[in-house]
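Those protein sequence lines, which keep their order, are chains A and B. First residue of the first sequence? That's 1 in our numbering, and the numbers climb one at a time after it. First residue of the second sequence? That's 1 in our numbering, and the numbers climb one at a time after it.
Simulated from the structure, these hints should not be mistaken for lab results. Virtual Cβ for every residue (Gly too), placed ideally from N, Cα, C. Be careful, since some hints might not be right.
[Claimed, not checked] Residues of chain A placed beyond 12 Å of chain B at every Cβ, according to the derived structure:
1. TYR4
2. ILE35
3. SER153
4. VAL200
[As the list claims (entries may be wrong)] Straight-line C-alpha distance at most 20 Å; calculated EDC-like pairs for lysine to aspartate or glutamate:
5. LYS279(A) with GLU156(B)
6. LYS24(B) with GLU3(B)
7. LYS379(B) with GLU240(B)
8. LYS279(A) with ASP309(B)
9. LYS279(A) with GLU165(B)
10. LYS214(B) with GLU148(B)
11. LYS141(B) with GLU156(B)
12. LYS37(B) with GLU20(B)
13. LYS27(B) with GLU165(B)
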Amino acid sequence: MSWYTFEDKVLPMDEWIETGVDWLVENFRDFFQIIKIPVEKSLEGIDWALNATNPWIVILLFAIVTLKYAGKITTVFTIFTFVLVGLLGLWSQTMTTLAMVVVAVVFCSVVGIPLGIASARSDRFEAFLRPVLDTMQTTPSFVHLIPVVMLFSIGTVSGVIATIIFALPPIVRLTNLGIRQVHPELVEAGEAFGATSMQVLLRIQIPQAWPSIMAGLNQTIMMAISMVVIAALIGAGGLGVPVFQGLNNLDSGLATIGGIGTVLLAMVLDRITQGMVEK
Amino acid sequence: MSEEIIRVENLFKVFGSNPEKALKLLKQGLEKEEIFKKTGMTIGVQNANFTINAGEIFVVMGLSGSGKSTLVRMLNRLIEITSGSVYINGLDVAKLNAQELTELRRSQMSMVFQSFALMPHLSVIENAAFGLTLAKVEKPKRLDRAMEALEQVGLEAWAECMPDEMSGGMQQRVGLARALAVDPEIMLMDEAFSALDPLIRTEMQDQLLSLQEKHQRTIVFISHDLDEAMRIGDRIAIMEDGRIVQIGTPDEILQNPANEYVEAFFRGVDPTGILNAGDIARETQTTVIKYPGKGPRAALQRLISHDRDFGYVLDKSKHFLGIVSTDSLRELINNNGKTNDFSEAFLDDVTPVNALDSMQDILNEVVTRPWPIPVLNEKKEYIGVISKNIFLRTLQHNTNE
Ligand SMILES: Nc1ncnc2c1ncn2[C@@H]1O[C@H](COP(=O)(O)OP(=O)(O)O)[C@@H](O)[C@H]1O
Ligand SMILES: [Mg+2]
Chain A
1 MSWYTFEDKV LPMDEWIETG VDWLVENFRD FFQIIKIPVE KSLEGIDWAL
51 NATNPWIVIL LFAIVTLKYA GKITTVFTIF TFVLVGLLGL WSQTMTTLAM
101 VVVAVVFCSV VGIPLGIASA RSDRFEAFLR PVLDTMQTTP SFVHLIPVVM
151 LFSIGTVSGV IATIIFALPP IVRLTNLGIR QVHPELVEAG EAFGATSMQV
201 LLRIQIPQAW PSIMAGLNQT IMMAISMVVI AALIGAGGLG VPVFQGLNNL
251 DSGLATIGGI GTVLLAMVLD RITQGMVEK
Chain B
1 MSEEIIRVEN LFKVFGSNPE KALKLLKQGL EKEEIFKKTG MTIGVQNANF
51 TINAGEIFVV MGLSGSGKST LVRMLNRLIE ITSGSVYING LDVAKLNAQE
101 LTELRRSQMS MVFQSFALMP HLSVIENAAF GLTLAKVEKP KRLDRAMEAL
151 EQVGLEAWAE CMPDEMSGGM QQRVGLARAL AVDPEIMLMD EAFSALDPLI
201 RTEMQDQLLS LQEKHQRTIV FISHDLDEAM RIGDRIAIME DGRIVQIGTP
251 DEILQNPANE YVEAFFRGVD PTGILNAGDI ARETQTTVIK YPGKGPRAAL
301 QRLISHDRDF GYVLDKSKHF LGIVSTDSLR ELINNNGKTN DFSEAFLDDV
351 TPVNALDSMQ DILNEVVTRP WPIPVLNEKK EYIGVISKNI FLRTLQHNTN
401 E
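Here chain A stands alone, though its shape is the one from the complex:
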């Protein structure tokens, strides 16, 4: 008998997984289609609204929000960004990307903040959740796309779902952390004055954890933008489209302007949410 030198495959894991996924798709098709609906509907609505609104009104609204949270210089930068992407012919893609980011971030918050609260309040739940979040966060971004395509097929909605999964961990983690870092004396003082567990949460823990929650939101937004662009690989629209078209056709100009639009948009959203953290 000669030594086995790994020339033949012994574990047909790929086949097992395929069988498993096929089984999931076969038996849970309705379930996955139902999950898709809220994402699909809100995405359609926001994408439509952003694209149908006069660009100058969109710019004005962003300028007002920036001015409120991030100061004058950043406001100039925001206006510059939106005018530039318009001039580059990327207005509609930018709005689609924005809509995808908004929907992904809203869903991340709606799911992530309660998960963060729950894991702050229960060590067991945190112990269960932590490896899940670790896995989500260490998996390379495009690897997220594979199961999503299998379960939800391709398209913009699937792209957003992949983004939600990818961008969820920071807001969960930082909500959890923020609440755990609230001084125990404050919670004790609340209880001594007759706070119920809900009052402790709403009147002490969340206000105290707010900067941390907002920092989590900021990171979630940043991750969402990067993922939304990558989601063009599975047929999602937005700024990822020129990037990948450019790469496929060796059109370096097209790929670059797509990249510039993405980076500028990311910076605008980062500054605004940073400003919200500090306020």
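Given the structure of chain A, go ahead and fit chain B with the ligands onto it with the hints provided.
Same frame as chain A, but now just chain B with the ligands:
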């Protein structure tokens, strides 16, 4: 007045996973230390029994780790009771369900903390109103009541400030206002003044006593400071290793300490006669030299910049003239802005002691005056002051040797 409001019976607290076992070992006569070594469980409080009357200031004293905080937290069940009973107005706290407990905390007992524990995200008045907010009192009413409480502690002008803009003493006044605003029958104060520096601490004690004159609440006051306990306590309970080793009025305990541990606490008050006043006088206080042309404003300025409440007025050759306080100086300036003679601001009842006086001789003076007592040598020159803390500490130290 002497109606019983709190009754504690056979109260135990064990921190650990198997309290039954620890209780059993206690019954077999094992000590806290041994039980910890054997089982890893800590005895917080063992077999506490006492009653507190309405309107009384009941001080619980003991070294750090003796179980004071644990005991006081079982009264409102911030810490769950392992066994035994706590009755508040006849109601067994251990048997209350969550809702009844919440109700009790909102309406009958409030608490003041060593670390202040103010909500940093709320303004002073919102902090003062915190208990009322939790009890869902409507906004106008709760702000009114919070404002009233702030007035009681002299902070009405600070209502809109944030707590982190204030000094420690002022923050604790907010803490006190928060506790007063719910108009509780019982206030639990866990080392409420321990984090404050000695002069501010004395001031807060005075404030508490004067509040108590107007409205007699039942106060359970935790302290590790003998001086404080003697000053404000109607009765004192002394704890050691989770046990209450003695309860009585300050005088009773002083005259008849139950064991060596109690004696060690009070040893300072039993003067040895070895040292005299001159030996322990320190130049820790701010002195004001009186010259023509230097008036009360300059003196006040000096006290404020040294963060002192009392100033010791001397003439140029260091002869002691009297004591002024920031309050008496302010009053003088308000009444008679032009005067340069601040002898009108001298406090009454100031009796300097002699450097050769024994500690026995000066005991009464040291204990009864709010200010540190000035000490003069035989030429009537000022050589320093004796504060209560120095006095007690020195003697304690001395007898330990
Ligand atoms: N949560 C806890 N878990 C375990 N041991 C505790 C806990 N809280 C207090 N203890 C222990 O109980 C004893 C009494 O503590 P405490 O009531 O805080 O004392 P004090 O307030 O007199 O300093 C100490 O030995 C302390 O270590
Ligand atoms: Mg304590």
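For each hint, the structure was consulted:
| no. | hint | verdict |
| --- | --- | --- |
| 1 | TYR4 | holds (51 Å) |
| 2 | ILE35 | holds (37 Å) |
| 3 | SER153 | holds (46 Å) |
| 4 | VAL200 | violated (9 Å) |
| 5 | LYS279(A) with GLU156(B) | violated (27 Å) |
| 6 | LYS24(B) with GLU3(B) | violated (35 Å) |
| 7 | LYS379(B) with GLU240(B) | violated (47 Å) |
| 8 | LYS279(A) with ASP309(B) | violated (39 Å) |
| 9 | LYS279(A) with GLU165(B) | holds (18 Å) |
| 10 | LYS214(B) with GLU148(B) | holds (14 Å) |
| 11 | LYS141(B) with GLU156(B) | holds (16 Å) |
| 12 | LYS37(B) with GLU20(B) | holds (16 Å) |
| 13 | LYS27(B) with GLU165(B) | violated (51 Å) |
Hints 4, 5, 6, 7, 8, 13 from the earlier list are contradicted by this structure; the remaining hints agree with it.
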